[in-house]
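*Asks:* So the chains spell out like this:
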Amino acid sequence: MSNQPFTHLDVLESESIHIMREVAAECKNPALLFSGGKDSIVMLRLAEKAFRPARFPFPLVHIDTEHNFPEVIACRDKLAADLGERLIVRSLDGSIKKGTIVLKNADQGRNAFQSVTLLETIAEFGFDACIGGARRDEEKARAKERIFSFRDEFGQWDPKNQRPELWDTYNTRVHAGENIRVFPISNWTEMDIWEYIAREKLYIPDIYYAHEREVIRRDNGILPVSHLVQPKSGETVEKLTVRFRTVGDMTCTCPVESHARNAQEIIEETAITRITERGATRMDDQTSEASMELRKKEGYF
Amino acid sequence: MSNTTQLLRFITAGSVDDGKSTLIGRLLHDSKSIFEDQLSAITKTSERRGGMGAVDLSLLTDGLQAEREQGITIDVAYRYFATPKRKFIIGDTPGHEQYTRNMVTAASTANLAIILIDARKGVLTQTRRHTFLASLVGVPHIVLAVNKMDMVDYSEETFNAICAEYRAFAAQLGLHEITFIPLSALNGDMVVERGENLNWYQGSPLLELLENVVIDHDLNTTDFRYPVQWVCRPQTQEYHDFRGYMGRIESGEIAAGDEITILPSGRTTKVKEIVTYDGNLQRAYAPQSVTLTLADEIDISRGDMFVKSATMPQASKEFEAMLCWLSESPLDLSRKYIIKHTTRVVKCVFARLEYRVDVNTLEQHNSATLNMNDIARVAMKVQQPLVFDSYIKNRFTGSFIVIDEATNNTVAAGMII
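Heads up: the protein sequence lines correspond to chains A and B, in order.
With our numbering applied, the first sequence covers 1 to 301.
With our numbering applied, the second sequence covers 1001 to 1417.
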């Protein structure tokens, strides 16, 4: 008999560890995409479980939009330093200076442009595999994506021509110049992530927990006031108690009203919420029914 | 023995006409797993398409732009829902011409298959095809859901006749543990709630069955199989001499102090420690991922397998397998391909095509090649010996994929006989 019951989190955790070790063993030059958000913090813990007592067999890479919440960047740097792992940061500002990203205006949302800097970073370091923290329950294009998702030399995802993925036997092969995106937590849900954060007592940016914040109401959502988002005429600044379900580009990431002050209270809220994670928090996913699919086809995570 | 019952992976086999999307929609809706923004998005789309007021629940699972534009489903989609008792992963597979490839893919990780029948039509060719594929891939539990009972006046007689016919067919495939459920996905009878119309039925509604089906025994608990994934050598001051063999226990269990055999070399040694991030374990079980240290220094690398000498697998360069061809390019018997089996990658050739199976009639035919969606029995030769069990005995050590080296595509899935 086992010492303790083997829960669904144990099953998911073991699957993710298995996937990460396959990447380490079969890919020549992998990287772990790490943003300081909750899913990528879960990924770090899974990498510790997969590879300790050794160091990670890959560097951490962050594609920084420069539109991130300062609390998230601080958490990113703290976690990388605490673990003693190498963190590579490449900024969209670098691509803007080079002229490979051309913005219409300085403050516009930058999520879609991450693909450009990501592909440049892949080319700079010659990564053949990028491990990311995307989940299939996030979005319907992702629900159809493989755990090992092949990208051609332009970084493009071809949803109609994916490699069949059977059992836990992953095809990791690529030709020179191509790469694979690997999603070890594909089968985790938002709820699983919170339960894991609670179980493992993971340190995450405190903006995930309820706090008072100045916001404005715009386009059916509430937006946090920051140096990038200022009230336009006719908009008023309100003070609400909110938390973030996702932490992305400050110009298009909406908090939700909440009083959940710790992981356990968030689990209780998540259990009864009637709105999906991205539906509640990402304005850029609502522009069309296929927003995410279009971004992925262009090389997005 | 480990208790993995909290997570159930299942597939639904059937066409849109059988009410498959309606059934999934009903399961998600009645278990409160559809979110308001999803519902409002598909309501909008249904209206734009000129739907007659009814929300098309199939839009929930059709994730890609081309699918929504053309009203078709291209690929396997995975959906997630939970009840207080269990978490569920649905592998939702489309019907039509690529069905075999998609169903085999989704079924390969499933604990259970729901095979849908339209009560008015009874057991059809496609029912036989779905059942054959589920048995081929060794899905441990089969549920025959006789849908649209509302269209046959909830007749017990009709239901019993369909069950009898299906049971006779399934017996030919060696399938005996089948659960039969009459239901109406449209009205919700026997899906989540019992409803008022099927009181003659004594069994559980579908969701209750999914919550309670015992899947612990699906894993092979007797034969310890541990393919080495990665050799851990930290080479730090603190762990100067540490050499751990990382992997996942695919079946069976292991305890510190147990004697093991390393294949294919055949050397034996003892497990010194079971190391995990959360501390050393005395004993570990499938499907845990762990790190093993050994009593002796032996040359071991990725692709080797640890087993216990009491229950040895086979080790051979030749074997026979059932194969599902997945690629649009047909099999070229003159070429070498690559096999990935557990953590081992080797070159292979197809020595013989024994026969191809007609998935509709189960008849065997001679064949000179294999095309996409073909199922066949083949004899294979590999460059280095593989350490394997028959697929029936062990889903993990009995399965492999075939890769075309020129394109790097996965072109076939194999199950060792």
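No lab work stands behind these hints: they were computed from the structure.
Treat the numbers as computed from the prediction; the structure is a model and nothing was measured.
A couple of the hints might just be wrong.
Here are the simulated BS3-like pairs of lysine-lysine, each with C-alpha atoms no more than 30 Å apart in a straight line [unchecked claim]:
no., chain 1, residue 1, chain 2, residue 2
1, A, 28, B, 1336
2, B, 1044, B, 1121
3, A, 201, A, 49
4, B, 1347, A, 160
Which bits of chain B does chain A cover? Going by a derived footprint, with three or more residues having C-beta under 8 Å, they are [claimed, not checked]:
no., stretch
5, 1104-1112
6, 1293-1301
7, 1359-1369
Where a beta carbon is used, it is the ideal one built from N, C-alpha and C, also for glycine.
*Asks:* Between residue 201(A) and residue 49(A), is the straight-line Cα distance small enough, at 30 Å or below?
*Replies:* Judged against 30 Å, a Cα distance of about 14 Å means the pair holds.
*Asks:* Assess, step by step, whether the Cα of residue 1347(B) is no farther than 30 Å from the Cα of residue 160(A), and give holds or violated.
*Replies:* holds (28 Å)
*Asks:* At least three residues with a C-beta closer than 8 Å to a C-beta of chain A: is that true for the stretch 1359-1369 of chain B?
*Replies:* Three-residue rule not met by the stretch 1359-1369 of chain B, so violated; n is 0.
*Asks:* Residue count check for the stretch 1104-1112 of chain B against chain A: does it reach three with CB-CB under 8 Å?
*Replies:* holds (count 4)
*Asks:* With the threshold set at 30 Å, check whether the alpha-carbon distance from residue 28(A) to residue 1336(B) stays at or below it.
*Replies:* holds (24 Å)
*Asks:* Checking one constraint from the list: CA of residue 1044(B) to CA of residue 1121(B), max 30 Å. Satisfied?
*Replies:* At roughly 33 Å apart (the allowed maximum being 30 Å), residue 1121(B) and residue 1044(B) break the hint.
*Asks:* Please check whether the stretch 1293-1301 of chain B has three or more residues whose CB lies within less than 8 Å of a CB on chain A.
*Replies:* violated (count 0)
The structure fails to meet hints 2, 6 and 7 from the earlier list, while all remaining hints are met.
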